[in-house]
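Undergrad: Heads up: the sequence lines are chains A and B, in that order. The first sequence lines up with residues 0 to 333 when you count with numbering that gives the first Met the number 0. The second sequence lines up with residues 0 to 325 when you count with numbering that gives the first Met the number 0.
If you are wondering where the hints come from, they were derived from the structure by calculation, not from laboratory data. Here the structure is a predicted model, which is why all the values come from computation and not from measurement. All clues stand as given, with none of them false.
Some chain A residues near chain B, calculated using beta-carbon distances under 7 Å:
no.: 1; residue: Lys13
no.: 2; residue: Ile15
no.: 3; residue: Leu18
no.: 4; residue: Val19
no.: 5; residue: His24
no.: 6; residue: Ser26
no.: 7; residue: Asp27
no.: 8; residue: Ala188
no.: 9; residue: Asp189
no.: 10; residue: Phe190
no.: 11; residue: Gly192
no.: 12; residue: Ala193
Pair ranges (Cβ atoms, derived):
no.: 13; chain 1: B; residue 1: Asp256; chain 2: A; residue 2: Asp169; range: 30 to 36 Å
no.: 14; chain 1: B; residue 1: Asp256; chain 2: A; residue 2: Arg171; range: 28 to 34 Å
no.: 15; chain 1: A; residue 1: Trp230; chain 2: B; residue 2: Leu162; range: 48 to 54 Å
no.: 16; chain 1: A; residue 1: Trp92; chain 2: B; residue 2: Pro180; range: 29 to 35 Å
In this text, a Cβ means the ideal position worked out from N, Cα and C, and glycines have one as well.
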Amino acid sequence: MSTVGIIVNPNAGKDIRRLVTPATHTSDVTKVGIVRRAIVAAAESGAERILIAPDTHRLGRRAADGLDAPVEIVDEPVTGSRFDTIGAARRFWKEQVGAVIALGGDGTSRDVALGWPDAPLIAISTGTNNVYPVAVDGTSAGAAAGLVASGIVSVADVARRSKKIVVRVDDRDSSVDDVALVDLAFIDADFIGARAVRDPSTITAVVAAVATPASTGLSSIAGRIHPVDRWESGGVFVRLGAGGRRVRVPLAPGSFTTIDVAEVRPLAEGESITLSGRTILAFDGERDLAVSPDGTVTVRVESSGPLVIDVERTLVRAASALAFDHSEKDDHGH
Amino acid sequence: MSITPAVQFDLHRRMVRIRLFEEAAGRLAEAAKLPGFLHLYVGEEAVASGICGALNDDDHITSTHRGHGHLVAKGGDFNRMMAELMGKSTGYCKGKGGSMHISDLSLGMLGANGIVGAGSPIAVGAAFANKYRGRGQVAVAFFGDGATNIGAFHEAANMACALHLPIVFACENNEYGEFTPRDKTMAITDIVDRAAGYGMPGVIVDGMDVIAVHEAALEAVAKARAGGGPSLIEAKTYRFYNHHGVQNLGLKYRSDDEVAKWKERDPIFTLEDRMIENKVATRQRFDDIWAELRNDIETAIKFAEDSPLPTSDQVLVDVYSANGGN
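Isolated chain B, as found in the complex (with noise of 0.2 Å):
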């Protein structure tokens, strides 16, 4: 059961694969070359990868507006991903979804979600369908500590426990909704502490320390094919840049203090530190997986951006259907 070197540099590579999509889709939508909004998941790489990484490619899960993060640690494609992003026929929506839609059914992702508390519901439709096909797959609902206020979340964990579904709901709490701090919005600092109230277990993780993420998934995720239904695991995290964007718009709602404090526990170099120190990695090796990895990111841009517009013939195409929705 402990971490292997393989499963090291697994979630290891999942988080490098995340920051840098991130950060050049950052520096995109700051030269105005994406069309929309963009939320950034840099400094939430460890929530998504230690949980992507104890799942199957054939389990579920649903994301939120910070989606990328989620599609990427499941095995997202970065062309696909960069053209849908700018809004071109060769990405995920054929160019017509865009940052918050993204999704891949072949990886079970299903889908980036621009309504807060709108994945869980969905989750637990998945697994619904997972525990009445009895393959022994797994859906996860990744959202925020903003979202448990939805009624949306309410009543998506109470029907997940009231039939006892396979699933985990990952909360990423980075302690603001948008722009308000977790302390105006409830009265509770724990999102944990709300799991009893719909008769599951909730674990609080270390967010920014990807092997105790992971450690807590694969006990989640175990329990939840194994038939003993829900938990819920509350990953403490934060987000390094604003809730939207990747400049502060002037909204200064966070103390630069406190961003620089967080950023110090940096999930990825914290993470290469120990397994330079526990001679499992180099730095030589990561400098190489960084040089991969960014090289992957200037491919994607570039298929992005050679890419064609949607025409427009296919406004309507795969948005209603043609057979009466089946």
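Only chain A is shown next, with the shape it has when bound in the complex (with noise of 0.2 Å):
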């Protein structure tokens, strides 16, 4: 059966980030809305099934009610933090799902590719400063996934396989296998805190998979002196301080700083890196997990990140195979 999965992050688009640049405020209204497009995309475009995550907002029940679509919200546990991404994305895959929308930033594409490192993904940009998920309206995220669950359209020849940072972090009594799908980043600080990274001074040093001009937040600094787009092979790693060049960078929306890079090297694909040391670890822009005196951290650039579904070249392709024609179906109701 043709099924479309939808995860939407309640948390994204919110933080304080706001308080001091011209970050987009992306409400609940707005992603309830995204979604209930996505949903009557997706059942107009072949998906016979759309499995719908829970989270503590019920912004899928609300995208959902009142609709004449084949909605499913899954039964999985709902807890208000990252784990709810993960645990959709892997009930996902056990579902067989053949698409996967996902609203968030960075951080909760960065979340399904824990729970589905394969997944096949549209992530929509509802967070703050977004490199990996795209800007793109639910009514063609919707179709895209529909036309691809369905088989219409072949995921082989409309979705690429995105890069991934793989992060290791041995530690006093622990170690930890994280990922990142944008940018790693090294803070000099004490505290997880409000997570967003406020203070460009405290950041000692990035690795980056996607570093492009055009992006804002911490892979801006390396895209700015060694651009890697998102599908070239492996990555970039810049260490922060004097010495060397003065980069300009929009650290965040619409916000622009000096940063001193010491230190730029080429990661190849699969090439770790290690340091050590105490830091905190800010994965795709936030400050997540703190490393002790005695801990210390590999991260290679792979990739093995998820399948990224291009939303315009699968409606391009329904669009040639004649896929959008009226059919006798349409007429009773569709």
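Each chain sits in its own coordinate frame; assemble them with the hints.
TA: Here it is, written out as structure tokens:
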């Protein structure tokens, strides 16, 4: 059965960066609207089953309310943490979902990648400064997801394998394996606190898998010195400090600062880099993990991220295949 | 801009002072030694502490019916607070206000307030005065999630934004308006979604994490002080005790499991653990702080118990203005 899965992160687009930058606030009403449009479009485009991840704000349920569409809210625990997205992605893998739509920021896509590393994914940006997700309307995203899930358009023709940053932290009592999709930053701080990286002077190093001059956020540091686009293999490591180039970068939306870059090192596919000592790791722009003075962090960039579905290419393919032509079934309720 | 150890200890001290004051007040209420209602702030300490820690003494705050924590965080005097709770003449309001009217103008604390939502317009008035005087003072309005359904809040937020006033709206979203869960009284989950409707930025922070709250407060207060206008901070938090009093009064509106989960994230203990892990503090240092502040509380209780009740000739004093309100 052709199945589309939808995940919506209720927490995206509301953090403290809105106090000091003109970053977009994404309200629940906006998110519900995107999901509602995606549901309608997925059902219109061949999805026979639409699974929606439960969330603390019941956004998916609100989006589906009153719609005549084959929607199911999956029965998964809701914790209000990233584990909701990770768990939903894993569930979608088990349910053989053909295309996943995830609303959120880079961090939401990161959690999808943890739960289902090979997810065929359309990531819709509802976060702060998103590099991985794209700004696309729910109508187009839902249509593309429906077309791919139903096989009207082959996923192999319209999806590409993205990259991810594989992170291993060996600390005093434990080891942690995690991933980032865009950048991993090393922050000189004592606390995770409000998560967003507020103070540029606390950034000590960044590993980026995607670093383009068009990026906003931590990856823009590398992006403005040694660009690496999302499809080429490998990544880049930058160490901050005096003695090298000084660049102006948009560390947050509409907010530029000067960064001193002491070292820039390209990273080949799979090449490891290890840093030791006390730090706070920021995954895809958010402080998330404290490392003790005894800890070591080993990082590599791999081409093993989610399969990113190109929405526009999917719709063009479908149009070429006359998939949008009115058929008899359209006269019976579609 | 990083949070220095001195600031960490300051935030910790504010939180422990609130916790100890409230637990002592709770015990006294259970022993029937306090007249009137008592709404304890235990569990929400990170919000008042993180925000008041970003303010100067001459900045203003307005508070709620759950107001002890705000005054303590602003530097309130234990003796005068405890005396006020006991209705004694040495209290902040000479024993005639009680828990829900406690204030200290010398600290810019413009009053707790028994009326839900009533504090925000007062803060807007203070912010207007502060802008007019031009001394760079900021006002903060503390209020709960339920208060944002009250007309006074909407009027206050609208006027603050229309006049571009130096104010921070600090919402303590503890998910319940008295005994009613938030989702029974509003169709949105995040109060912050309302901010854009007035034309101000709004952000969500973890209200159980004093560092997160403080980071947000530093930004919002600096913005207001610099003429950048109002902001709304929504701190997701939880009260460990009942709406009022200490016991549950048999009203089972929150599950034990829910309360226990929030208590696992106790804002004081999580900060202590992190500071010890960072080698900024030792357990002994924290034990000493708790012991010192417990001593202050015992002193305050004795001060209040030994203080006289107001005399009957004081009933109308400070109630009506003798000179026409000026």
